[in-house]
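Each chain, letter by letter, is given below.
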Amino acid sequence: MAWFRKEKKPLESPTAEKRAQTEGLWIKCESCKRILWKKDLEQNLLCCPKCNFHFKMTSEARLAMLFDDGKYTEHDAGMSSPDPLKFVDRKSYRDRLTAAQIVTGAKDAVRVGEGKIDGKSLIACAMEFRFIGGSMGAVVGEKITRAIDRCIEKELPLVVVSCSGGARMMEGIISLMQLSKISAALARFDEVRKPYISVMTNPTTGGTTASFAMLGDLNIAEPGALIGFAGPRVIEQTIRQKLPEGFQTAEFLLQHGMLDAIVPRVDLKTYLSKTLDFMGAWNASKPRK
Amino acid sequence: MPKPSEQKTIVQELEKQIAELKLQEGSVAQEEITRLQEQVDLLQRSATAEDKDAWTRVLLARHPQRPYTLDYIQMLFTEFTELHGDRRFGDDGAIVGGFARFNGHPVMVVGHQKGRDTKQKLHRNFGMPNPEGYRKAFRLMQLAAKFNLPIITLVDTPGAYPGIGAEERGQAEAIAFNLKEIPKLRVPIVPIIHGEGGSGGALAISVGDRVLMLENAVYSVIAPESCSSILWRDWEHKEDAARILKLTAEDLLGFKIIDEIVPEPPEGAHADPQATAAAMRTALERCLAELEAISCDERLRRRNERLRALGTLVHES
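From first to last, the protein sequence lines stand for chains A and B. Number 100 in the numbering used here belongs to position 57 of the first sequence; there are no gaps in the numbering. Number 47 in the numbering used here belongs to position 45 of the second sequence; there are no gaps in the numbering.
FYI, nobody ran anything at the bench for these hints, they're computed from the structure. Wrong hints could be hidden among the right ones.
Straight line, CA to CA, 35 Å or less: simulated DSBU-like cross-link-like pairs of lysine-lysine [as the list claims (entries may be wrong)]: (1) A:Lys114 / A:Lys163; (2) A:Lys129 / B:Lys121; (3) A:Lys93 / A:Lys71; (4) B:Lys121 / B:Lys24; (5) A:Lys82 / A:Lys197; (6) A:Lys197 / B:Lys186; (7) A:Lys82 / A:Lys71; (8) B:Lys54 / A:Lys134; (9) A:Lys134 / B:Lys258; (10) B:Lys258 / A:Lys312; (11) B:Lys240 / A:Lys99; (12) B:Lys148 / B:Lys123; (13) A:Lys285 / A:Lys82; (14) B:Lys186 / A:Lys317.
Quick caveat: nothing in here was measured; it's all calculated off a predicted structure.
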């Protein structure tokens, strides 16, 4: 017989239910490293209340913050990629798609909504970074092109909020063609003389920057956003030297004449509304031809 | 049967041996040359059959002896008159362009240019344009549109240059601007991808009414080496990457991204540049004749239709 015996039941390991009470309540700021209460952060449009670092937003939250009362009609939500190249590397593209669809609850990396900003009708597209880095394949290309086609047909302004690493490698040359398709659609959109505002958020690089993101009547960006053509690592490898501090940030682009303004998230909706007014977005009378 | 990439090395080795033997005299050497030549022919036939794999094509597209844009300009046109500068920042050696005559008719020709020797390579920046290159290209295209000259572009670049200056001067904006503004030009535009079609850097001057591509040219969103290093974290899988990226002329024709494949000699364009240029001339003559035959409005309508349909491979539910 043992000398010592456990008289009490061992301590219960915390169940999932119990853990949920503490998990996710706090979040560390990527910039100032302060621990923030998540609710505070959410109330502040996902901007750090201490250092104003702009966290990435989901496409859902972005459209909700832009449209009046968070209400909008979503277009082409069911569109998905048929994996045109049958792309398989260490993992199949199909599996990557399925995983991203589960995480985001979306079919691909952009959400298109039609709704109102301060009573003015428009179409807004928001890219979803959690979906394979917000990369642009045929679905993103086609959804944005259709949004432009709708804007042409209904004479509506367009807002695109970019958050994307660029063209989607797993759709190869098909994804490169989206740059051309979207840009050509924007050329047609010029004819109806309705505003297109491009909002660049962290990060906006590669094929996204080299097409619609740089083609707005107004190009604006959120503070601190990384914006560029080539990624910083690619440039460092090419030129074999360290990049200067602040290179490819929104502030750097503003200084080099690539942006109209840097607009903090908290002011974004007001800024859009005001500039849309200047460009006659909702005017019943047609601009002079 | 060895793999195509291995065959290529064998052929190169044999050709070296033949060259060495030719310097010697005597019937033995002659016999040996004939024997080796037969082997080379045999190997090249199998290497140039339909099973030529994607990576072989990448190597052919980058072959150091492959004709470059100025070589084709020399062979296809007369009176080439080069025009320089973007009127904003500088003159980019990686993009060349100017007036020329094609079968006596005035045209505008614009293309990427690579260098042969080290000095030229540096001057041409290895065929990788900076923003001023794309702005020069568009300036020349606009000039062409003003004076009603058809535009022919010759595409051959590893990609747009990723450098500090390029970013400062708006590489992305320069490319994006071309993609949006070129479709509005009211003259026929025929891009020919004849070497490397390196992503956005190639696309920025590849928008047109009819896109031609040489048989062994490649056109891709990313270089196979970079694709391999992202997906496998090393360069060892570049051949796999080349295959899965679907970057050959046949693949692109299948996706309706290009309209026509221009045939090359069995060993590749470098083996017989004149024959390659002749095939290019035939295709170009036909394309330009067809495009000139329709009205400007109709041409623009078809161009927009073509651009609207690009890569629309989606599923709807």
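Hints, one by one, checked against the model:
Our distance criterion of 35 Å between C-alpha atoms is met by A:Lys114 and A:Lys163, whose separation comes to about 13 Å. This hinted pair does not check out: A:Lys129 and B:Lys121 have alpha carbons roughly 42 Å apart, beyond 35 Å. Of the pairs offered as hints, the one joining A:Lys93 and A:Lys71 holds, with about 12 Å between alpha carbons and a cut-off of 35 Å not exceeded. Proposed proximity of B:Lys121 and B:Lys24 is supported: the alpha carbons are some 32 Å apart, at most 35 Å.
Between A:Lys82 and A:Lys197 the alpha-carbon distance is near 39 Å, which puts this suggested pair outside the 35 Å criterion. Proximity of A:Lys197 to B:Lys186 is assessed by CA-CA distance (about 22 Å); at most 35 Å being required, the pair is judged to hold. In summary, the hint linking A:Lys82 to A:Lys71 is supported, as the alpha carbons are separated by about 13 Å, within the 35 Å threshold. Distance restraint check for B:Lys54 and A:Lys134: the Cα-Cα separation of roughly 26 Å lies within the 35 Å cut-off, and the hinted pair is therefore satisfied.
Taking the CA atoms of A:Lys134 and B:Lys258, the gap is near 27 Å; set against the 35 Å cutoff, the hint holds. Only pairs whose Cα atoms come within 35 Å are accepted, and B:Lys258 paired with A:Lys312 is rejected, the gap being roughly 41 Å. Restraint check for B:Lys240 and A:Lys99: the C-alpha separation of about 33 Å stays at or below 35 Å, so the hint holds. Restraint check: the Cα-Cα separation between B:Lys148 and B:Lys123 comes to about 33 Å, which is no more than 35 Å; the hinted pair holds.
Our distance criterion of 35 Å between C-alpha atoms is broken by A:Lys285 and A:Lys82, whose separation comes to about 38 Å. For the suggested pair B:Lys186 and A:Lys317, the alpha carbons sit about 30 Å apart, so the restraint of at most 35 Å is met.
Going through the hint list in order, the structure does not satisfy hints 2, 5, 10, 13.
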